[in-house]
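Hey, can you work out the whole structure from these sequences and the hints?
Protein chains in written order, with our numbering: chain V, 1 to 123; chain P, 1001 to 1336.
Watch out, some of these pointers could steer you wrong.
[As the list claims (entries may be wrong)] Simulated pairs of lysine-lysine, BS3-like, Cα-Cα distance not exceeding 30 Å:
1) P:Lys-1018 to V:Lys-69
2) P:Lys-1117 to P:Lys-1257
3) V:Lys-33 to P:Lys-1110
[Claimed, not checked] Partial chain P-side listing against chain V, Cβ under 10 Å, derived:
4) Pro-1013
5) Ser-1017
6) Leu-1031
7) Ser-1074
8) Asp-1082
9) Phe-1118
10) Gly-1125
11) Glu-1129
12) Asn-1130
13) Glu-1131
14) Leu-1336
The set of hints was computed from the structure by calculation and includes no laboratory data.
All of these numbers come straight from a predicted model, not from anything done at the bench.
The beta carbon of each residue, even a glycine, is placed where N, CA and C say it ideally should be.
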Amino acid sequence: MTDSHASHGRTYLMIFVILCCLTVVSVIADEVKVADRSVVLAIVAAIAMAKATCVVLYFMHLKFERGWKYLLLGPTLLLAASVPFALAADLAFHYYANDVPQQREFERLEAASTSSDHVAAPH
Amino acid sequence: MTAAAHPVRMGLPIPNSKLGMWLFLGTEIMLFTAFIGTFIVLRLGSRGWPTDPHVTHINVWAGAINTFILLFSSYLVVVAHDKLLQNKPSAARLAIIGALVCGLAFLGIKSVEYRGKFDHGIIPGRIPENESQAMENVLRQVDARMERLVASLPVEGDKRDVRLTAVDQELLDLKAKSEPTPAEVIQLKTLESFKTTWDALLPAYLNLRDHARDKISFTVPFAELENVRASQTSAPPLSFSEFVDEFEKVRQSDALKGVLGNVVVTQPIVYGNLFASTYFFVTGFHAIHVIVGLLLFLIILAWGPGCSALFVENCGLYWHFVDVVWIFLFPLIYIL
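Written out as C-alpha cells, the structure reads:
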C-alpha cells in the first residue's frame, strides 16, 4: 500500500453521476404517461442494463481485469439464464389462454369495465 | 535467469480471496437470475397482473430514493478502497461509515414500505382475488375478533359455546347475590359489558355472513333470507361495495368500534397473492444481502486502520453486486 497509487476518484464520481442521471431518466419514463407501455419497458430495460454495466465495469473493476473474467463469468451467465428460459415456454409463451380462476375474474372485470364505459359514453 | 528467481505461479492471476469472492458471486448471479427471471416469466404469464400503484401500494419515489442511496453507497465503498490504496485510512473509514449509514437508510425505507403493505393487507395468502373472497376475508377477521373477545372472558371452558353458556350462568348467579363482594361487582360489570357488545356483534356478523354466503343484497332483510333461499326466487345480487358499506355501518356503531376498529378491508386483487409472494420474496432476499453487507462494513470498521485494501475490495465486490441486483429490481417492481 503506497500513496503513489493514482487515484480513480474522478472516474468513480463521473460514473456515479451517470448512474444518477440514468435513474432520473427511468423515473421520468415512468411519470410521463406513454400509452404504449412497451416503449417504457424498452427504455427502463436498456437503462438497467447500462447502469449494471457501468457498476460491473468500473466499480467492480472488470474493465481492468484480465481474461479470467470470461472463464469465470461465461458459464455462470449461461447457467443463470437456464431457469427462466426453461420456465418461459410453459408459463408465458404458450398458444392457449390460461384457464384459471384469476383469468376468468380478470375477464369478468374487463367486460364490466367495457360495458360501464358504453353506458357512460354520450350518444 | 533461473526458475528460482521467477517461480511458476499456478492458477488465475488474482489473489485467492478475490477468486473466492468472484466464485461466490457466480453462485449469487445464478440465484438472483433464477429469482428475477422467474418473476418476469410469472408476470408475463399472468394477464391482469396488478400494476396500479393504488392497488399494489408501490411508491416509485420510495424505490427511486432507495436506488440513489444504494448507488451512493457503492460510490462510497469504491472511494474507500481508492483511499486505502493511497494510504489514507481515515478517509477510507469515513467513506465506509457513510456506506453503512446509506445501507441502514435503505433498510429503513424498505421497512416503511413493508409496513404500508401489511397495513393494506398485501400479505401472501391473505389477498382476496375476487369479490366472494374479499367478503370472506372480512368475515374471517370479524370471526377471529369474536373468538378473541370470548377467549378473554374470566370464565371456564375451552370452546366458544361452552364459555358463552358459562357467561350466562355466571351472570344469573352474580345478579342473584344480595351482598356481592367487590371482586364479584367487577366481574358482573365485565360480563354485562361483554353481553352488550356480543348482543350487537353476533346478529351483525350473522347478517353479513348470510348475505355474503347467499350473494343476496342487503335490501332483502336477514329474516327473509331463509324464505328467498327456500322459494329459490331471484333476489337482487350483493356487490362487494354494498357489503363494505354495510360492514362500515356495523364498524362505526358505538357498541362495536373498539372490537372491529382494526379490521382491514382489502379490495379484490387479481393475482394479488402471486404478486405479494414474488414481491416479498425477491425484495426480502435482497434485503438479507444488504444486512450481510452492513455486517461486512462493521467488520472493516472494527478492524481499524490495519484493514487490508484487498479485504475492502472483496467486501466492495459483494456490495456492488447487491447494488446491481437492485438496479434490475427497481424497474421490474416499481416501474413496469
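Hints versus structure:
1. The hinted pair formed by Lys-1018 of chain P and Lys-69 of chain V meets the criterion: a straight-line CA distance of about 12 Å does not exceed 30 Å.
2. Using a Cα cut-off of 30 Å, the hinted pair Lys-1117 of chain P and Lys-1257 of chain P holds, with the two alpha carbons roughly 24 Å apart.
3. Taking the CA atoms of Lys-33 of chain V and Lys-1110 of chain P, the gap is near 26 Å; set against the 30 Å cutoff, the hint holds.
4. Of the supplied interface hints, the one on Pro-1013 of chain P holds, with its beta-carbon coming within about 6 Å of a beta-carbon of chain V, less than 10 Å.
5. With 10 Å as the threshold, the beta carbon of Ser-1017 of chain P stays out of range of chain V, its nearest partner Cβ sitting at about 15 Å, so the hint is violated.
6. This hint holds: Leu-1031 of chain P has a C-beta 8 Å from the nearest C-beta of chain V, less than the 10 Å allowed.
7. Interface restraint check for Ser-1074 of chain P: the shortest CB-CB distance to chain V comes to about 6 Å, inside 10 Å, so the restraint holds.
8. Hint status for Asp-1082 of chain P relative to chain V: holds, with the closest Cβ pair at about 6 Å, below 10 Å.
9. Because the smallest distance between the Cβ of Phe-1118 of chain P and any Cβ of chain V comes to about 23 Å, over 10 Å, the interface hint for this residue is violated.
10. Proximity of Gly-1125 of chain P to chain V is violated relative to the hint, the smallest CB-CB distance being about 14 Å (cut-off 10 Å).
11. With a least beta-carbon distance of about 6 Å to chain V, the hint placing Glu-1129 of chain P at the interface is held under the 10 Å criterion.
12. This hint holds: Asn-1130 of chain P has a C-beta 5 Å from the nearest C-beta of chain V, less than the 10 Å allowed.
13. For Glu-1131 of chain P, the shortest C-beta to C-beta distance to chain V is roughly 9 Å, which falls under 10 Å, so the interface hint holds.
14. Below 10 Å, beta-carbon pairs count as interface contacts, and Leu-1336 of chain P has one with chain V at about 6 Å; its hint therefore holds.
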